[in-house]
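Residue strings, one per chain:
There are 2 protein chains.
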Amino acid sequence: MKLPNHIGIIPDGNRRWACKNNMEKEKGYEFGLISGIKLFKCCEKLGIKELTYYGFTTDNTKRPSIQRKAFTKACVKAVKMLFKENASLLVVGNTNSPMFPKELLPYTVRKRLGNGGMKLNFLVNYGWEWDLGKSVDCHFTNRSSIISNLNSHDISRVDLIIRWGGRRRLSGFLPVQSVYSDFYIIDDYWPDFKNEHLMQALEWYNHQDITLGG
Amino acid sequence: MKLPNHIGIIPDGNRRWACKNNMEKEKGYEFGLISGIKLFKCCEKLGIKELTYYGFTTDNTKRPSIQRKAFTKACVKAVKMLFKENASLLVVGNTNSPMFPKELLPYTVRKRLGNGGMKLNFLVNYGWEWDLGKSVDCHFTNRSSIISNLNSHDISRVDLIIRWGGRRRLSGFLPVQSVYSDFYIIDDYWPDFKNEHLMQALEWYNHQDITLGG
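These protein sequence lines map, in sequence, to chains R and B. Taking my numbering, the leading residue of the first sequence gets 63, the next gets one more, and so forth. Taking my numbering, the leading residue of the second sequence gets 63, the next gets one more, and so forth.
Keep in mind that the hints were calculated from the coordinates and are not lab data. Some hints could be false.
List time: in silico EDC-like cross-link candidates among lysine to aspartate or glutamate, alpha-carbon distance up to 20 Å [to be verified]: (1) B:K124 - R:D271; (2) R:K82 - B:D271; (3) B:K89 - B:E106; (4) R:K124 - B:D271; (5) R:K64 - R:E106; (6) B:K87 - R:D271; (7) R:K87 - B:D271.
The following block holds chain R by itself, in its conformation from the complex:
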């Protein structure tokens, strides 16, 4: 079976899940935490080499403050939960903004956890324009110099993006690393994650003809 090296995770549908379960919208995020750990463990068993979670974005921070506080808290918890795993963890996002949770500053340098293993990235207060806007080198015109000038330069090309919650869009997720990614959409909401979702996505990916634009 052909496995993707790097999987991007868009864990959408937390608020809709809360509504469906007669809760206030902002209550949904914490129910996605266990989904994140379950997914990690499943990817670890399969030997996936790199995993990137779409935590929250600078766009998301414009939502009502009760929601903003709830998803920020959930992301902080998620990173701390993952910190107990075997992985090489990095939090990537705009730290020059009050929206970036201070508790996560120590994680913005890649850290080998436990026995190391999977490269694990977590996007927190990430913005595509922030990512593209670094531009230290003013004359980058080839692929490798564009990538090395991203704020997310330590995140590799994404092979497979899985999005929960039925929407078929990237919502600003790593525009450069996603240029050749295959997208798989799961209609269930993120808190309803099951290992079978991942297995369906991998089964589908296994049958894709990967050409990298060629």
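Position chain B against the provided structure of chain R, taking the given hints into account.
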């Protein structure tokens, strides 16, 4: 009905269509020409404001030369066919390369055709790294300055991307303008285009909750 302002078209599956019809792979492209005109006329009737066709990419030019010549010829023909319509036409791509067909150089300045109307963009020898690599302004860090520094700066944000041929990926299509786009995939190959494909995509789009990342 909520219509997208700008539709991006990924007309994939020409070679697979040719194989299915017992032809050599490179024969497929010319059968997609009529699809392009049919689609244009349908969008025009609906009042779509902007349309971008993914002609061919710098990645594509690495294919066998018989295929490269065939898709280049088809793109030249397509642009000349569209030139007879009412639109404001621009060809966007890397002209500093022998792969860019010289016949299309006059079209790299936007031209009002007939009674004008739809903004019509055609990507020819387009590469995402070429697009992102312009970077005249060295210190762009906000959305509008990133967009104005693209080589494709005259192409607007894409609302809906329709891809024929079943693959679920962008293959380098306008990474910045696509950050918030909704994707609709049609399994049929591009030469089998029918107006109903477009109508299905628009019907689906009409039910999407457009948040622009919020």
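A quick look at each hint next to the structure:
Simply put, B:K124 and R:D271 have alpha-carbon atoms about 17 Å apart, close enough for the 20 Å limit, and the pair holds. A threshold of 20 Å between alpha carbons decides the hint, and for R:K82 with B:D271 the separation of about 17 Å falls inside it, so the pair holds. For the given pair, B:K89 sits about 28 Å from B:E106 by alpha-carbon distance, which is inconsistent with the 20 Å threshold. Between R:K124 and B:D271 the CA atoms are separated by roughly 17 Å; this keeps the pair inside 20 Å, and the hint holds.
Of the pairs offered as hints, the one joining R:K64 and R:E106 holds, with about 16 Å between alpha carbons and a cut-off of 20 Å not exceeded. For the hint pairing B:K87 with R:D271, the CA-to-CA distance comes to about 16 Å; that is within 20 Å, so the pair holds. The straight-line distance between the Cα atoms of R:K87 and B:D271 is roughly 16 Å, inside the 20 Å bound, and the hint therefore holds.
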